[in-house]
Amino acid sequence: MNQKDLKRYKKMLEDSKASLLESAKKTLVEESSFDTDDLPDEIDQAASEYTQSMVFRLRDREKFLLQKIDGALKRVEDGTFGICERCEEDISPKRLDARPVTTLCIRCKEEQEKKEKSYG
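Going left to right, the sequence shown walks through residues 1 to 120 as full-length UniProt numbering numbers them.
Just so you know, these hints were derived from the structure itself, not from any lab. Each hint should be verified, as a subset may be incorrect.
[Unchecked claim] Straight line, CA to CA, 27 Å or less: simulated DSS-like cross-link-like pairs of lysine-lysine:
(1) K115 with K68
(2) K25 with K94
(3) K74 with K117
(4) K74 with K109
(5) K17 with K7
Turn these sequences into a full structure, and let the hints guide you.
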């Protein structure tokens with residue numbers, strides 16, 4: 001992979017990371033200020049707790065994505081970005097454009113999904 005492409009993927013990853021971190025900061029300010037005294041009845045309280053639970057579940061998923069982004073940025077730095085960790089072939093640019101945090105080429109990913117399906 002050439003340096004121009006590496007810089008482009010690095011910028012994509014850094015932009016995604018910045019966006020996720022900004023969203024997390026917003027959640028801390030807006031969503032974590034949950035006060036049950038502000039809600040008039042149990043139904044409103046339950047609905048609010050459910051919404052807050054969903055928001056925090058999404059944040060957990062985003063935390064996992066941040067870890068993947070950090071891993072991809074590390075691979076950019078050490079020169080292994082865009083190389084399949086299983087077969088060591090180049091990952092196609094189309095796949096990297098769609099999912100820059102990927103560590104597997106499309107063929108290896110399909111094999112992994114087939115194995116996961118067979119295990120239930």
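Checked hints:
no.: 1; hint: K115 with K68; result: holds, 22 Å
no.: 2; hint: K25 with K94; result: violated, 32 Å
no.: 3; hint: K74 with K117; result: violated, 30 Å
no.: 4; hint: K74 with K109; result: holds, 21 Å
no.: 5; hint: K17 with K7; result: holds, 15 Å
Checked against the numbered hints above, the structure violates hints 2 and 3; every other hint is satisfied.
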